[in-house]
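**Q** The sequence shown maps to residues 1 to 171 in the numbering used here.
In case anyone wonders, no lab produced these hints; they're calculated from the structure. Be aware that one or more of the hints could be misleading.
[Unchecked claim] FRET-style restraints, in silico, Cβ to Cβ:
id, residue 1, residue 2, range
1, E42, A119, 16 to 24 Å
2, K117, E49, 23 to 31 Å
3, N144, K117, 28 to 36 Å
4, T90, D44, 32 to 40 Å
5, D122, N53, 17 to 25 Å
Idealized CB from N, CA, C, for every residue including glycine.
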Amino acid sequence: MVNNNSKQIFVSENQSSHNLNNNNNHLSMSAELSENHLLIIEDDQGRKERPLNNPVYTIGRDKKCDIRLVSQFVSRHHATLVRLPRKSNTPGFYYRIVDGDPKGKPSSNGLMINGRKTAAHDLKNEDEIIFGPHVRAIYYLLKNSQPTEQTDASEYDITLINPGMTEEDEG
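Between the sequences and the hints, there should be enough to build the whole structure, so can you do that?
**A** What follows is the structure, encoded as structure tokens:
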């Protein structure tokens, strides 16, 4: 039996279930500040940017989904995104995308990640997720770095000139 602060979802390729207790899914403030997770979504309504901060997201055509995709080719509950802690002593977390709803029921069309059909995938920077024709998302893991000193942007202003454009025509 799962208590009220937990969600049971299927997160592995062999469809075994895991309990995600929201109380134990806390991260240190430094880990949260050092990286940002972003999903760029393209569907029938255009392009949308979605920062990822929550432990679980449902993705699909249904209006109740956390990330709604607008297309007749997308299942009502197409996929689930799950935030998981990194292994070993590495701070931070990663997201796993799993085909289907949180109860383990797969979508009709499945998922393609980087051109390969898969039931589940641990997302890496610039992974492309295909939900159906003309419906895709790209996952970005953005690492933040604190600059050590203030610099003037004009210091990096560079004009590139094609050498062929500067030679005068001799003839």
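**Q** Could you tell me which of the hints above the structure violates, numbers in ascending order?
**A** none
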